[in-house]
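K.L.:
Next come the chains, spelled out residue by residue.
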Amino acid sequence: MPITEQEITDLEKVARKLRRDMIDVTGWAGGSHIGGSLSMTEIVTILYWKYLKIDPKNPHWDDRDRFVLSKGHGGVGHAVVLANKGYFDPKLLEEFNHFNSPFGMHLDSLKAWGVDASTGSMGHGLPQAVGMALGARVRKKAFHIYAVMGDGECDEGSIWEAAMAASHYKLTNLTGFVDRNHLMIDGPTETIMKLEPFVDKWDAFGWKVRAIDGHDFRQLADSIDFALGYNEGPVMIICNTVKGKGVSFMENDPAWHYGGLSAELIEKAKKSIGED
Amino acid sequence: MSKEGLTWTVYDADKLTQAEIYGITLCDLGEAHPEIVGLSADLARSTKIGAFGKKYPDRFFNFGIAEQNMFGVAAGLAKVGLLPFVSTFSAFASMRACEFLRTDICYQNLNCKVIATHAGTSFGPAGSTHHAIEDLSIVRAIPNLTVIVPADGIETARAVRACLDINGPVYIRIGRGFEPRLYESEDYEFEIGKVVELRPGTDVTIIACGVAVLHAVEASTIMQRDDGISVRVLNCHTIKPIDKEAILKAVMETRRIVTFEDHNVIGGLGTTVADVIAESGKGCAFRKVGIPDVFTTVGYPEDLQHYYKIDTDGIIENIRELLGLEFEADEDWEDEV
Chain A
1 MPITEQEITD LEKVARKLRR DMIDVTGWAG GSHIGGSLSM TEIVTILYWK
51 YLKIDPKNPH WDDRDRFVLS KGHGGVGHAV VLANKGYFDP KLLEEFNHFN
101 SPFGMHLDSL KAWGVDASTG SMGHGLPQAV GMALGARVRK KAFHIYAVMG
151 DGECDEGSIW EAAMAASHYK LTNLTGFVDR NHLMIDGPTE TIMKLEPFVD
201 KWDAFGWKVR AIDGHDFRQL ADSIDFALGY NEGPVMIICN TVKGKGVSFM
251 ENDPAWHYGG LSAELIEKAK KSIGED
Chain B
1 MSKEGLTWTV YDADKLTQAE IYGITLCDLG EAHPEIVGLS ADLARSTKIG
51 AFGKKYPDRF FNFGIAEQNM FGVAAGLAKV GLLPFVSTFS AFASMRACEF
101 LRTDICYQNL NCKVIATHAG TSFGPAGSTH HAIEDLSIVR AIPNLTVIVP
151 ADGIETARAV RACLDINGPV YIRIGRGFEP RLYESEDYEF EIGKVVELRP
201 GTDVTIIACG VAVLHAVEAS TIMQRDDGIS VRVLNCHTIK PIDKEAILKA
251 VMETRRIVTF EDHNVIGGLG TTVADVIAES GKGCAFRKVG IPDVFTTVGY
301 PEDLQHYYKI DTDGIIENIR ELLGLEFEAD EDWEDEV
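These protein sequence lines map, in sequence, to chains A and B.
So for the first sequence, the working numbering puts the first residue at 1; every next one is plus one.
So for the second sequence, the working numbering puts the first residue at 1; every next one is plus one.
It is worth saying that the hints were derived from the structure and are not from the lab.
Hints should not be assumed to be uniformly reliable.
To be verified - Cut-off 27 Å, straight-line C-alpha distance, at most; resulting in silico cross-link-like pairs (DSSO-like, lysine-lysine):
#1 K208(A) / K91(A)
#2 K208(A) / K50(A)
#3 K140(A) / K54(B)
#4 K17(A) / K208(A)
#5 K55(B) / K170(A)
#6 K194(B) / K240(B)
#7 K194(B) / K244(B)
#8 K282(B) / K170(A)
#9 K282(B) / K244(B)
#10 K141(A) / K309(B)
#11 K240(B) / K140(A)
#12 K309(B) / K194(B)
#13 K208(A) / K111(A)
#14 K57(A) / K85(A)
#15 K55(B) / K141(A)
#16 K249(B) / K111(A)
#17 K249(B) / K194(B)
#18 K270(A) / K50(A)
#19 K91(A) / K140(A)
#20 K53(A) / K140(A)
#21 K50(A) / K194(A)
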C-alpha cells in the first residue's frame, strides 16, 4: 500500500524521537555504536511502525514477523525501538551496558525483550534469518523475515554463503537490507575492502536488488512493498545512508563508529536532531 | 598391517552398518517428531543423514560446502520451532563452524543437535585436514552444550534418541561408520551423563570413550586371563556433563586410572577426568592416552589406533606400565611418579 504524506510526517517524528533516545542511552551507557545506529534509523522505523506484524505484549507470538539485526552492533538503535514499541519499560535503558543489565551493546535474545536473534559477531544474522525463512516454509507459516546488515559486515564470507542459500531456496519470505553507510571502523569501505560493484554482487548471487536512499521513507516503502509482492526469490534493498545521520558533528565521521558523549555533546546532538 | 579399509567400494557405501544406524534412527524419529529437520553441507551420503532426506525431502536441506551458514541456519530453524539435526565431519563442525555453533546455537541455548562424524582419526587415509583430534577440547568449553561420544553404532542410536530429552544443544561425536560393534543390542542402561560399567574390576580402571571402548573391553578380558589383573572398564560416553561420581568411585576403589580416547590428550576425555581427580584431592596413579599432541599421520584407522596405543595391544601395554607406578601420600616429593 503506497505510503501517505501523513504517514511520512508521523514516521519522521518517530525517527527523531528514536535518535534523541539513542543519544540519551549513549550518555547513560558510557558509549555506544551511535554512528551505525543513526544511519539505520529510517529502516528500523518504517519496519517497526508500518510493516512488522508483531505484538509487543506477546513477544513470543508464533506467527509474528521476525526482525534480525545482522549488524548486531546497532544494538542501541534496536533497543530504543523496542522500548518505544512497548516491549519493556524505557527506564531500563538507563542501565544499558551496566553490570547485569538486560542490555549490552549487542542484544541478547534471551535477555532483551522482543529480540528475535542474538547477534553481534558479524555475518551471523543473515544465516539465522535464512533458517527462519526455511522454517516458516516447513511449518507452512505466513510470517515474513526482515534482516538488516551492515555494509562492512558484507566482507564476511558467511554473508555470501547465506546469500547463495537464500536464492537457491527461493526465499520469498525473506527481505534483506544493507545499511550502506560506506564507513567501517578503520575508514571508508572502498578503501579498507572494496564492496563495489555492490548491486551487481547481490544480483549475481540471485537476489532481486533495489538501491535507494535509505533515509527516504517513500523509497523505503516502495521497495518493501515491491519485496513483499515479489515471488521469485529474496529481495535485497541496499539503503544508501549516512553514518551518524541526523547529528551534524557525527555525520560521515568514522570516529563516531563507537563513542561516548559528554553532557555538552548530548545537548548539541539533540539540538541537531531537533525537538518536536 | 590391516587392509580393512580396502574392503569396501563406493557401491557398498550405502550398506555400511554403524553410521547407517544413525540415519535409520533419525528416520524413525522423524515420524513421531514432525519438527525434526535435517541439514547437510554436501556430506549427506557420508554422514548418513541422506537417509532422512530421502524419506522427508521437504524437511531436509543441503547447503553445499558452507558449514558456517549451515550452523547459522540451524539456529534460525530452531528459533522458529523446528528441531534441526546438523551433520558434517567433526573437524568442520568444531572448527570451521565453531563460532556459529557457539554464538548462534549455544549462546541462545537452542534445541539443536549436531552429529559430528568422522571424528578422531577415523577418516585415517584423509590425513590431518580431516582428522578431528581437537573437537572435544573445543566444544566442551562451550556453555550449554552437552557432549556425547558413543562407543559404536548401537550407542549412537541410543544417544540420538536420548538427546531429544534435552531441551538444548547436543554434540554427538561419532566415527566414520566402519567401527566394529561393541554392543549386541540396544538392551542396556544408557543415560546421558552416566558411565556404563562394562567390566567390573578392582586393580585398575580404564575410562574410555568412542572407538577405544571396545579395545578396552578386550584388554580387560586378556589381562584377567594372562596377568591375573582385574581391570574395570567404564564407557564414558558423555564428556559433558562428566560422571564425577563414577570417576571418584573408581579412584577410591582401584587407585589406578587410565583414560583412552581417539583425541588429543589435551582437552578431551583424559583432561576432563584429570580435572575431576585433581579437584577431589584424592591420590591415584593416572595416565591419559590418546593422540600425543601431534598432527596425526595417514593410515587406516586400525593402524592409527595401534600406532597411538589406543587399540587392545596399546591399552594392555599402558596398563602394565601403570601397574608399575606407585603414588604416595607422604611429603617426600623426590620420589613421586
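K.L.:
Run through the hints listed earlier and report the numbers of any the structure violates, in increasing order.
P.N.:
1, 4, 8, 10, 11, 13, 16, 19 and 21
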